[in-house]
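Colleague: The residues making up each chain are set out below.
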Amino acid sequence: MTDFNYTLWIFLIPFLVFILLGLAGHRLKARISGLLGTAALGVVTVLSYITAYFYYFRTAGINDVFRKITVFDSTWLHFTDTLEIKMGILLDPISVMMLIVISTVSLMVHIYSLGYMKGEKGFERYYSFLSLFAFSMMGLVVATNIFQMYIFWELVGISSYLLIGFYYQKPEAVRASKKAFIVTRFADLGFLIGILLLSFNTRTFDFSVLTDPQGTAIAHSSGISFLGLSVTTWSMILVYLGGVGKSAMFPFHIWLPDAMEGPTPVSALIHAATMVVAGVYLVARMFPVYFFAAPAALEIVAWIGAFSSLFAAIIACTQTDIKRVLAYSTISQIGYMMLALGVSGYGGHDGLGFMASMFHLFTHAMFKALLFLCAGAIIHAVHSNFMIDMGGLRKYLPLTHLTFLIACLAISGIPPFSGFFSKDEILAAAFHHNKVLFFIEYAVAGITAFYMFRLYFTVFRGEDRHYHTVPHEAPPTMTIPLIILATAAAFSGFIPFSKLVTSDGKAFQTHIEWGIAIPSVLIATTGIGTAYVMYVRNPSLPGRIISIFKHSYKLALNKFYIDEMYLFITKKIIFRYISEPVAWFDRHIVDGTMNALAIVTQVVSFRIREFQSGQLQKYAFFFISGTILLALTLIYLLH
Amino acid sequence: MNAGIPLSYFLILAAVMFFTGIYGFLTRRNLITILMSVELILNSVNINFLALNRYLFPHKLEGFFFSLFIITVAAAEAAVAIALIINIYRRFTTINVEDVNIMKY
Amino acid sequence: MNILSLFVLIPLLTIAGIVMVKDIRHVKVVSGIGTGIQLIMSAILTFLYIQARQSGDTSEMLFVKDLVWFRSLNIHFAVGVDGVSVAMIALTSIVVFSGVFASWEMDYLTREFFISLILLATGVFGFFISLDLFTMFLFYELAVIPMYLLIGIWGSGPKEYSAMKLTLMLMGASALLLVGILGIYFNSAPEGGNLSFNIIEISRTTIPMKAQYIFFPLTFIGFGVLGALFPFHTWSPDGHSSAPTAVSMLHAGVLMKLGGYGAFRVAIFLMPEAARELSWIFIILTTISVVYGAFGAIVQKDLKYINAYSSVSHCGLVLFAILMMNHTAMNGAVIQMISHGLMTALFFALIGMIYGRTHTRMINEMGGLMKVIPFLSVCYVIAGLASLGLPGLSGFVAEMTIFVGAFQHPDTFQRVATIIAVSSIVITAVYILRVIAILLLGPSEKNSYELFSDARWYERLSTVTLIVFIAFIGLLPFLLTSMTGASLQPFMNKILGMNIF
Amino acid sequence: MTLNQLMFILFASIIVVFSILTVTSRRILRAAVYLLFVLISTAGLYFMLNYAFLAAVQLTLYAGGIVVLIIFSILLTSHISLKFEPVEWKKSLFSALAAIAGALITIITILDFTFSATNEAAREVNMRLVGKSLLSVGSDGYILPFEVISVLLLAAMVAAIIIAKKGGPKSTDTQTSNYQ
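If you read the sequences in order, they're chains A, B, C and D.
Each number in the numbering used here corresponds to the 1-based position in the first sequence with 17 added.
Each number in the numbering used here corresponds to the 1-based position in the second sequence with 824 added.
Each number in the numbering used here corresponds to the 1-based position in the third sequence with 251 added.
Each number in the numbering used here corresponds to the 1-based position in the fourth sequence with 1026 added.
Extracted from the complex, chain A is given alone in its bound form (with noise of 0.2 Å):
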């Protein structure tokens, strides 16, 4: 079991599954097609869990370094002798996480589903595109080079793209995927002309070749320099930009709060736990490059991240749709892997930002998870996306409820649950390299803390509200995976990962550092017990702090007004100012000068017919002068 021949397979069994439920899902039964996409992903599940097992225990620790194995690696589409893009499985501590990530997250969200999607039309649609999904997404991960990873990075933006889409009479629902759609794929058109910078000047696509510390590439990067920066520089920025895209950061964050119009368990998987972060992924996976010859870009992703988990925090407050406060709690949380990765180092302990991002990455999966699929279970109690609509759950979903407090624990960086371990890390790295994005840090964790409780304080306590049938425990299909991962969200944090995922491969020692967790538990609780005063205790109190903040509540509610810049941007200038001007351009210039010609060429040929005038003495006319004018001509003008 250690040459991972077997690891084709995690990604070709969904890819058949894709296959054969779309060509012919429509005529199994409904359930059957459910069952088969789920049973191929446990499949899935059981080989990414043994690939991690042969390779952290097995395999690649040799002299406690974690080698980059590639198990396979073919010739897909070749361009030039040295530019070709390969189909191939990259095996390393990072792929090899993020492999169980996916399953995991994957299996949970179609084991939900069975219970969720029960009875909707299109079921057997529903889980071959989740198999596209898990397809696309495992061969991101593994992709052996920027390419191969370009490829699914598009993939799992189609995938993302059909399943927001899923209730496609839903007019919301498809303006929200095509909105998804068009903004990553702007982004990934930064990253598009990023992989062309990179590789005319690196000559490669090939990640071993470009993340080789000691490699050709990163010591040729430092070529020309525009605006200042250099060519790799820029190239990496653009790289980054498809980042910034994929993961929702600040300015392309518009489309993840609209994504929430597709199935909740969608969102879970999708929008929360895996697609979302690849931007992460992508600067882990190119990491070396960026610390060696892009630091300024690097400088870059710490900022972006930075901002973004602010601004989404503080969105995050004022949103009444349940999803939608996930959503920016998502983008958030996505901002603190992007700064952990921003500020780290490479190799040994001063790699700690790449691990704690790695580290965040795979708790807030779990945890992020469990809060999309509670959500996912109270919206199936209530029919209802909006916070107004309910509250004093917890006598009613038991269950739903303690899972969501352990997610909120989770999320809110509170001992001993994951997302405290994560988040100290990742605090800690900040800490040691700018102290501005350290502070900014630690207010985005009082804030977190403060609106995931706000969240669970309407939802689960406070009144009743009038439920038109009462709201009962979701099935087993629905619970089972909620208590699955409602464990991972509670224990994941003890799990090693200085001595697993690192950056360069090499292990190190990592304790907790009191002097900055403690201040930031303290935060938390200060958030949490800000939320218990507002919500619970002083129910009024909310409404008398915004009619203090009128202005700002508004600038935040309405998410600081970027959508209807987007729309401006997109209504009034592309179409009003560049497409309607082009079309009219088009029809009225450029035809209009072939119509022209063809008028010209008619009238003329009419002012030539009026020769023909059936005047005798004009024909005569005519051909005399032309007879004396050749004769001058003949006699004159040619001797």
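Here are the computed distance ranges between Cβ atoms for each label pair:
1) Q632(A) with A1078(D): 37 to 45 Å
2) V715(C) with T97(A): 29 to 37 Å
3) E1146(D) with Q632(A): 43 to 51 Å
4) V280(C) with G609(A): 40 to 48 Å
5) T644(A) with D923(B): 24 to 32 Å
6) K635(A) with V1174(D): 30 to 38 Å
Since the hints were derived computationally from the structure, they do not count as laboratory data.
Ideal Cβ positions, reconstructed from N, Cα and C, are used throughout, including at glycine.
Following the hints, complete the assembly by docking chains B, C and D onto the known chain A.
Modeller: Just chains B, C and D now, with coordinates in the frame of chain A:
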């Protein structure tokens, strides 16, 4: 009988006659007068033929016969032309050449 | 019998068959069989070609046949293929086959319609197999003329106007082309000797620089008009929107590729020095084409107009890549021609089928078709995704090859142009998704939609044929690129051997 | 000044003056009569050139035949007292310019050119010779043109009759519609 008269006199006379005919052809509107202009033109050509024959190649008869045939052809042409004119007159009730213009465009 | 001559002969026999068949209903069957044979033939040709190459045949052209048919001007009927032409022939037979089934419901002057259609195909096949410039031009004309009848008689909307416009513009182009070809001919033997129309022979000599400067632009624009080069693309929206389904398919799918193929086989291959010197002008034009076509497509309301503008954008990319004059980009151009041919044919086929049901092509008059005609809608989505360059479908392979290839160009100018061209992928996504969202998704309000039947067997056959090939190229591109890539080597040798460096 | 020259000047001035009158006269019958004078003077020139036979032909055919034919047709188609509208000045000007330019070019060319005559003895043209030549083959034989011209005359005769004849399928239609 032509002693003392240079050849060019005949030729110039013919040229004047020819272009007078041309002028007539271009300005006259009545088809019959146009026909008369054509006769002038033909005659001027005849004079040329004969003068050149007499002065330059007196031992040959080409010019003579050419003129003879031209006269014959002119006769035939006049006959046909007048038939045409009469027919045109019948159809259009005019022999004004400017009104006979349906053959256009 | 040379296998290539069969490609001209079989369509002619099919036409004869159509003429002789008594029952008008059998006309379609005969056409279907004829084009089916053609499809099988092209599969055989591809197979034979690969086999010959693998057995070590390294001559530039295979299956060469040369017959003199006008000795005093040294005009030959010379045929031969390399990997590029084989690929184009395969594309043509796929599209023609699919086009016949897409026009299964044609009931006005059926016999004449299919005759014209197959005559058009004859011209295209002849063009791709020709090695002789004059014969090539002859077949080109043969392909253009039936187009006039097909649009003018069986079209819709302002069909006479469109047919006239299209034909006049293409005729104007072929006038330029004829001058270009004759120019090449009269300069084909700069050191004395016999003048020649044969491409291979001409490619061994170097046409004098002075002549190249004159005749390269003429030839390139001549072919460029057919390839929808800005600003000579305006026949495309009108022509496509008026043409009947199969004609749009053939026209956008195959005929526009004649432009790219010709520009590459004649203009660049025979006059690489001038191409290198003058390419900047055309790179600007094609870059404009790419972006401009995409922007133009965003606000259109007629499905066919959207597709026509999208074709301008995609075909612009073909010419753009050819002008980069390096192996990868040219290879990308070939793949893009095939990929665009397949997907645009699919688009037009689907538009025709949707139009046959809703009797409108205005997207804002339709909506929610996904629910009523799921099969066609899914096909439309697949075509759209191929068009916006989704990995796993042919568009991605083509575009990426072009972009990577173009970006390897040593000059900054070309790379900046590439970046501008790359940005079109976003705009493409915008207009494709806009159409999908308005046309297919959303609630279906109209009750009359309930009566629609989903695709019939011939429609399924037509679309599935195309989709299979789109996915085939998208999933296993190395099979195609290795075939076309190797055939580009002579081009590269000639270009690299230029004394300009 | 010899008598010859005097004669020539007489004939030439008659020809020039009456030619111009022919093409400018506004009364058609007068124009025809002026034409007659021109034709007769031309016959005189033929006499001077010693082509008596041709002069005779000219007198009989032209002056006797064609002019009479023309006068007949004038009488058939127009009123005897018909007076033409004056010619449009533009038309007249341009035509005159063309004619004068042509005449000038021709005359200048003629004056520039030196004609060289042969020294061979002149040949008398008499009726016998003409008759023989017309009906013989060989270097001085004109049998072919003669035959052709006879066919032409026949054709002209037939054509004149056919054309001038009333009727014919097409013209009947027109005429009936005209008469209705």
